[in-house]
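S.K.: Okay, here's what each chain looks like letter by letter:
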Amino acid sequence: MPSLLPSSCAMRGLSIRAFSTTAAARAPPRGGGDSHHRHSSSSSLLSINNPASSRTSRSGPQSAHKPSEAAADLMTRYKKAGQTSLRNKQAHLDIMRNQKNSNDYLKQMPRRWDAGDVYSPHDMSPVEMQKWRKRSPRGGDVVDALGIRPLDMYKNFSLIQEFTSTSGQITHSSGTSLRPVNQRKIAKMIRRVQGMGLYPTIHAHPEMIRDSFFPERR
Amino acid sequence: MGGRAVSPGGALLRTSRMFSIPKPLPEPPSTNLHIGDHKSATMTRPYPQHQSITSPLASREKGDWGLKRPFPLKSTMATSTPFIRVKQLDTVENVTNFASAADHSLSLEKFQELRVAMSVPHNTDKKADSSSRTELWHKSVFEEDMDVTDFKAGLGDDRRWKFQGPWLARMTEGKFIEYLDKKVRPKRAQFRALLKEKLADDITTSQNRAAIEAGKETPAKVEAKDISEEQFTDYLRSLRNDRVTLYALVSKFLDLAPLGQPVGIIQTFWSNRDSLASESPYGKSGPPPSHPSAGISYLRTSSFMENHPVYGPQGKRTPALARVVYPKAGPVPPKLGVGGFVADAPPGDNEFNFRTVTRGRVSSNKTMLNGIMHLDTTTFGGAKAYVEATTANVDPSGKVVLQLRETSAEAQVVARESKGLTEIYHDGKTKSYTPATPKTTSQQSARVSDETRWNRVADEILDEPSRS
Chain A
1 MPSLLPSSCA
11 MRGLSIRAFS
21 TTAAARAPPR
31 GGGDSHHRHS
41 SSSSLLSINN
51 PASSRTSRSG
61 PQSAHKPSEA
71 AADLMTRYKK
81 AGQTSLRNKQ
91 AHLDIMRNQK
101 NSNDYLKQMP
111 RRWDAGDVYS
121 PHDMSPVEMQ
131 KWRKRSPRGG
141 DVVDALGIRP
151 LDMYKNFSLI
161 QEFTSTSGQI
171 THSSGTSLRP
181 VNQRKIAKMI
191 RRVQGMGLYP
201 TIHAHPEMIR
211 DSFFPERR
Chain B
1 MGGRAVSPGG
11 ALLRTSRMFS
21 IPKPLPEPPS
31 TNLHIGDHKS
41 ATMTRPYPQH
51 QSITSPLASR
61 EKGDWGLKRP
71 FPLKSTMATS
81 TPFIRVKQLD
91 TVENVTNFAS
101 AADHSLSLEK
111 FQELRVAMSV
121 PHNTDKKADS
131 SSRTELWHKS
141 VFEEDMDVTD
151 FKAGLGDDRR
161 WKFQGPWLAR
171 MTEGKFIEYL
181 DKKVRPKRAQ
191 FRALLKEKLA
201 DDITTSQNRA
211 AIEAGKETPA
221 KVEAKDISEE
231 QFTDYLRSLR
241 NDRVTLYALV
251 SKFLDLAPLG
261 QPVGIIQTFW
271 SNRDSLASES
281 PYGKSGPPPS
291 HPSAGISYLR
301 TSSFMENHPV
311 YGPQGKRTPA
321 LARVVYPKAG
331 PVPPKLGVGG
341 FVADAPPGDN
351 EFNFRTVTRG
361 RVSSNKTMLN
371 GIMHLDTTTF
381 GGAKAYVEAT
391 TANVDPSGKV
401 VLQLRETSAE
411 AQVVARESKG
421 LTEIYHDGKT
431 KSYTPATPKT
441 TSQQSARVSD
451 ETRWNRVADE
461 ILDEPSRS
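Sequence lines, in order, name chains A and B.
Counting from 1, one number per residue, gives the positions in the first sequence under this note's numbering.
Counting from 1, one number per residue, gives the positions in the second sequence under this note's numbering.
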């Protein structure tokens with residue numbers, strides 16, 4: 001089997017770098033000739049991941065503490081406080097904008113990943129993500145899985161709604177994916193409950209469609 | 001049994017491993033009930049169901065995959081990942097139904113590059129006694145005392161990973177009722193006989209103890225047939241109130257997979273009983289559907305130190321670049337993808353967690369990774385970070401769950417350098433690191449002048465032999 005991934009080429013670049021004798025390789029990559037201006041090796045190593053942030057954080061103007069300049073000091077502090085509040089506000093706005101942007105994109109990624117899922121590049125594609133948007137048709141027999149007796153479920157309106165259309169008709173067994181025995185039992189139960197007048201025959205149960213008529217005030 | 005459709009020789013060949021493709025594994029069960037009905041038929045499954053087949057290039061050019069008929073060159077030669085899975089060798093249309101198996105094959109390769117050793121699930125809520133010492137580190141699934149399936153093995157019995165009976169926690173109600181009807185009810189008489197024998201044993205031991213305490217001769221052994229019906233009924237009633245003993249007896253009789261222990265007062269009762277659940281490492285998490293290694297890694301341990309050719313032994317192992325697959329969504333931790341396996345972001349105080357209130361002061365994590373709180377829409381290819389995969393275990397639905405840990409800054413730099421992204425190593429001189437101390441400008445200039453002098457001295461000394 002040919003190796004398809006680039007096998008861990010961990011040492012390749014390094015060995016060339018370390019043991020080559022070309023002039024370009026021998027020259028110190030950073031700092032030039034001035035060895036005393038260079039940072040120590042470990043400090044530069046630690047800051048290499050975030051080169052921008054490490055330098056700028058420490059540069060703060062040192063305020064003078066002479067009594068004659070107290071008023072000026074107060075003024076600069078006041079200005080600085082204004083600046084920080086402005087900066088905080090901008091940071092907050094940035095966060096809000098990021099959040100909105102992120103939510104907009106996440107709407108296109110309806111898959112909720114679980115620990116242990118395996119993905120390949122194909123799983124990240126928009127085509128694949130669209131498949132996670134809609135509910136897939138039920139596979140197994142629900143009545144068998146739950147171990148319920150359908151004829152006893154006549155007061156369970158949410159269950160009846162699952163097996164009837166919005167206009168109160170019994171769903172075909174191709175839609176319910178029940179086995180024939182259970183489909184007959186469910187159909188019998190629905191016929192009974194509609195005959196008894198407990199469940200409407202031409203629309204869904206009023207409790208189920210209540211929200212469309214009386215939307216909840218927020 | 002239906003009649004045999006083929007000759008005995010043909011049947012032998014068909015069932016032999018040499019000439020047949022193994023039967024596909026069942027579809028992975030959906031663990032989360034809420035997202036169970038949101039799924040895709042073409043997604044990559046958590047584990048491969050079909051065998052992955054490949055063929056050398058010379059044979060592939062002829063379409064020869066060692067199967068019944070040649071494969072189309074147009075699809076099998078145009079790929080850089082020549083792996084196929086055969087879904088059906090013979091369809092009614094007289095073609096072979098096959099698809100690419102590159103997804104799982106490459107995932108396996110990536111996983112083995114991570115060099116992760118599989119371990120048994122870590123029980124966090126163990127009582128702190130002698131067993132707690134072994135809970136400090138991950139135990140390999142290949143340990144001799146854990147890697148057993150033998151039902152009759154005396155000591156290792158409660159640490160095995162395979163059980164005859166089902167795992168009741170994962171059964172649906174309908175399946176459970178069916179199990180009760182089909183499997184449990186016919187064994188009723190057998191269990192009563194077992195209980196009777198246990199009662200006889202109990203009576204005998206209590207009689208013997210009483211006799212020894214009274215200094216008398218031990219009475220005759222009580223047999224199961226000597227026990228009256230009333231005596232037995234009373235015993236059954238007492239057992240019904242003693243759930244712990246009854247559960248231990250039933251689970252041992254039916255060889256049920258261990259269930260989690262109830263937490264609280266019951267635990268104190270539980271500790272001095274002989275029960276299956278207290279010892280099994282799979283009591284809390286549930287038994288794995290396959291061998292707990294799932295055949296994905298055969299490493300026994302990850303307790304080794306990596307050696308770098310220039311920098312020497314490394315404190316941390318080579319980290320892997322993880323993709324932030326999904327940002328943090330409410331209480332759900334952000335999901336990272338390592339080598340094609342989705343895992344929870346490493347817990348603790350690191351760049352993957354938003355630091356909250358610590359000792360009264362709220363401090364948000366300044367160095368947090370970009371894609372954790374929100375989806376990173378600016379980085380090309382999405383947010384990525386280096387993590388270290390410590391171990392993995394197989395959960396009851398067959399998923400391989402990786403455990404991640406944050407890695408150190410030095411390990412990240414070394415990993416980036418090995419890929420040629422940064423350059424740290426150089427042949428020049430390096431200073432040893434001294435912690436930064438506040439110093440005045442005059443001191444600094446003095447130091448600089450000292451250093452230049454020192455350099456000049458060094459130059460003089462070093463250049464002398466080369467000139468002469």
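It is possible that some hints are incorrect.
[As the list claims (entries may be wrong)] No farther apart than 30 angstroms at their CA atoms in a straight line, the calculated lysine-lysine pairs in the DSSO-like style are these:
#, chain 1, residue 1, chain 2, residue 2
1, A, K131, B, K68
2, B, K328, A, K89
3, B, K284, B, K198
4, B, K429, B, K419
5, A, K107, B, K328
6, B, K187, B, K252
7, B, K110, B, K384
8, B, K328, A, K131
9, B, K87, B, K175
10, A, K185, B, K429
11, A, K134, B, K328
12, A, K131, B, K198
13, B, K39, A, K100
14, A, K131, B, K87
15, A, K185, B, K39
16, B, K419, B, K110
17, B, K182, A, K185
18, A, K107, B, K39
19, A, K100, B, K187
20, A, K134, B, K183
21, A, K188, B, K196
22, B, K252, B, K196
23, A, K89, A, K79
24, B, K187, A, K131
25, B, K284, B, K225
26, A, K134, A, K107
27, B, K74, A, K131
28, A, K89, A, K100
29, B, K175, A, K155
30, B, K198, A, K134
In short, the hints are calculated from the structure, not lab data.
Bear in mind the structure is a predicted one, so any value in this text is a computation, not a measurement.
S.K.: Which hints, by number, does the structure contradict?
M.R.: The structure breaks hints 1, 10, 12, 19, 20, 21, 24, 25 and 30; every other hint is satisfied.
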